[in-house]
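Novice: One letter stands for each residue in the lines below.
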Amino acid sequence: MKTFDYVRPTTISDAIAAAAEPGAAYLASGTNLLDLMKGGVSRPHRLVDVTRLPGLDRIEHLPDGGVRIGALVRNADLAHDPDFAKSYPAVAEALLSGASAQLRNAATVGGNLLQRTRCGYFYDVASACNKREPGAGCDARNGENRLHAVLGWSEACIATHPSDFCVPLVALDAVAEIEGRTGRREVAIEALHRLPGDTPEQESVLEPGDLIVALRLPGEARMFSTHARYLKVRERTSYAFAIVSATAALRIEQGTIRDARLALGGVAPKPWRAHQAEQTLAGSSPTPAAFRRAAEAALVDAKPSGDNRFKIELAQRILVRALTLAAAGTPERMPALPASPFSSVSRSDPGEIYEA
Amino acid sequence: MNFSISLTVNGVRRDVELEDPRVTLLDLLRERLHLTGTKKGCDRGQCGACTVLVDGRRINSCLALAVSHDGADILTIEGVARGDQLHPVQAAFIAHDGFQCGFCTPGQIMSAIGLIGEGQAGDDPERVREGMSGNLCRCGAYSGITDAVLDVQKGLVEADRRRSA
Numbered sequence: 018m019k020t021f022d023y024v025r026p027t028t029i030s031d032a033i034a035a036a037a038e039p040g041a042a043y044l045a046s047g048t049n050l051l052d053l054m055k056g057g058v059s060r061p062h063r064l065v066d067v068t069r070l071p072g073l074d075r076i077e078h079l080p081d082g083g084v085r086i087g088a089l090v091r092n093a094d095l096a097h098d099p100d101f102a103k104s105y106p107a108v109a110e111a112l113l114s115g116a117s118a119q120l121r122n123a124a125t126v127g128g129n130l131l132q133r134t135r136c137g138y139f140y141d142v143a144s145a146c147n148k149r150e151p152g153a154g155c156d157a158r159n160g161e162n163r164l165h166a167v168l169g170w171s172e173a174c175i176a177t178h179p180s181d182f183c184v185p186l187v188a189l190d191a192v193a194e195i196e197g198r199t200g201r202r203e204v205a206i207e208a209l210h211r212l213p214g215d216t217p218e219q220e221s222v223l224e225p226g227d228l229i230v231a232l233r234l235p236g237e238a239r240m241f242s243t244h245a246r247y248l249k250v251r252e253r254t255s256y257a258f259a260i261v262s263a264t265a266a267l268r269i270e271q272g273t274i275r276d277a278r279l280a281l282g283g284v285a286p287k288p289w290r291a292h293q294a295e296q297t298l299a300g301s302s303p304t305p306a307a308f309r310r311a312a313e314a315a316l317v318d319a320k321p322s323g324d325n326r327f328k329i330e331l332a333q334r335i336l337v338r339a340l341t342l343a344a345a346g347t348p349e350r351m352p353a354l355p356a357s358p359f360s361s362v363s364r365s366d367p368g369e370i371y372e373a
Numbered sequence: 324m325n326f327s328i329s330l331t332v333n334g335v336r337r338d339v340e341l342e343d344p345r346v347t348l349l350d351l352l353r354e355r356l357h358l359t360g361t362k363k364g365c366d367r368g369q370c371g372a373c374t375v376l377v378d379g380r381r382i383n384s385c386l387a388l389a390v391s392h393d394g395a396d397i398l399t400i401e402g403v404a405r406g407d408q409l410h411p412v413q414a415a416f417i418a419h420d421g422f423q424c425g426f427c428t429p430g431q432i433m434s435a436i437g438l439i440g441e442g443q444a445g446d447d448p449e450r451v452r453e454g455m456s457g458n459l460c461r462c463g464a465y466s467g468i469t470d471a472v473l474d475v476q477k478g479l480v481e482a483d484r485r486r487s488a
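Protein chains in written order, with my numbering: chain C, 18 to 373; chain H, 324 to 488.
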């Protein structure tokens, strides 16, 4: 690991001033950043430790029914907050399906939004990677790429965004509150991450010094709480990143879907909201045929970036499964294996819901 | 630049002078405080051998900068027994053959103590396995580890019942 200056400001304005200089990086828990620094992938000159900034570790309930989550709230604390888990169950399930208990105890909400891709070529400093070193080329393009992107990728970069947490967040219109050199602004999580295009090194819309201070979920997102799931296919049951994942949240009235929210993870360079697919569901009955149509609409623009054509069909199937389980109802208790497609459903007979 | 930090480790206050901000909590415990019970496996947050409790929560000490944990209360494997009296989780690991070579065991035990403290797994083997998935065991002692955790959990439930009866 390259050495660095370490500063620990006590006010947000001092933190922004310290982090706005070239080569500086914010440090929260460091579960991703320290790993990248150990591998020589990230080489910051200065770490600005934000863990002691006051007031960023609270979960606040807002007058409009929404919730404001400080950027330093730990993943585990948010997932196990009883009111939060009841109101936004797909978000809690996504959080608990990510990483390990140790990492969830440390990792922060703000850090999770900005975690880097897990592309092996990005991590291997002996490989060419346009994201790590602009203009170097992309060894993933003709390499081991069965887990790479099928949506939103470019010739310059086919890496995926690894977050579970961000998938239900984009589906539920979450917003990031950002403090920067020019004051405070808000950015929808859906607009926070950029597609790679010719500049895969620019992963988000954040400017130098910008600090995510909080995340907000709107009160309307609670209306999906009784029909919301996050599902994640992994190469092992626990402690693995998604091959593909999906969140489905439905508002069902008198047997008709009034509103649907769908998003995919593990398939694109950013958490992928499926707006068109949502529109195919509004006003229809929650039937297998309707779910399959929606899943096809969600992947209509997908194309393989390598040996990963299977992910297109897999993503459609996991969307259908997520919709089926969401329609059956949010489980009363968090499944023993959060987000696992192999977990049984407590409320319904699985034989019944997997029919057709 | 030097950094002075102060930690409570296994109930004892330790003042440490760091010449380098790169020191992880794991390296500080092992190399500076000579508490070598906490193991360095992958050093990248993937194996769980370095698990310790920080302010009562289990974390990977290899992915924690020591300087950032100034003031923290740390519990390591060296601090869990009371003299010759083993911690109930230690005793259960022995009773259930929860290890073979022993390298991952300090991390497994600290993780199990953390899991029981979190109160999410209860007596469900599936939830215990899921809650312990951040600790790898290359000898494959998983079924003994799960049994050990369930045994301690069962003992706690019975103790609660006796108290409330």
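These aren't lab readings, by the way, just hints derived from the structure by calculation. Using N, Cα and C, we set each Cβ at its ideal position, and we do this for glycine too. Among the hints, a few may not be true.
Stated by the list, open to error - With a straight-line Cα cutoff of 25 Å, these simulated SDA-like cross-link-like pairs (lysine to any residue) come out:
no.: 1; chain 1: C; residue 1: K19; chain 2: H; residue 2: D393
no.: 2; chain 1: H; residue 1: K363; chain 2: C; residue 2: T20
no.: 3; chain 1: C; residue 1: K19; chain 2: H; residue 2: D474
no.: 4; chain 1: C; residue 1: K55; chain 2: C; residue 2: T28
no.: 5; chain 1: C; residue 1: K55; chain 2: H; residue 2: A482
no.: 6; chain 1: H; residue 1: K363; chain 2: C; residue 2: R135
Unchecked claim - If you want the ones that stay clear, here's a sample from chain C, every Cβ over 12 Å from chain H, calculated:
no.: 7; residue: S46
no.: 8; residue: E77
no.: 9; residue: A96
no.: 10; residue: A118
no.: 11; residue: D156
As the list claims (entries may be wrong) - Quick look at which bits of chain C chain H covers, simulated, 3 or more residues with Cβ under 8 Å:
no.: 12; region: 84-90
no.: 13; region: 119-127
no.: 14; region: 134-143
no.: 15; region: 281-291
Novice: Hints first: check each against the structure and report whether it holds.
Specialist: Evaluation of the provided hints:
no. : hint            : result
1   : C:K19 / H:D393  : 22 Å, holds
2   : H:K363 / C:T20  : 21 Å, holds
3   : C:K19 / H:D474  : 46 Å, violated
4   : C:K55 / C:T28   : 28 Å, violated
5   : C:K55 / H:A482  : 45 Å, violated
6   : H:K363 / C:R135 : 22 Å, holds
7   : S46             : 8 Å, violated
8   : E77             : 22 Å, holds
9   : A96             : 10 Å, violated
10  : A118            : 5 Å, violated
11  : D156            : 21 Å, holds
12  : 84-90           : violated (count 0)
13  : 119-127         : holds (count 4)
14  : 134-143         : violated (count 0)
15  : 281-291         : violated (count 0)
Checked against the numbered hints above, the structure breaks hints 3, 4, 5, 7, 9, 10, 12, 14 and 15 and satisfies the rest.
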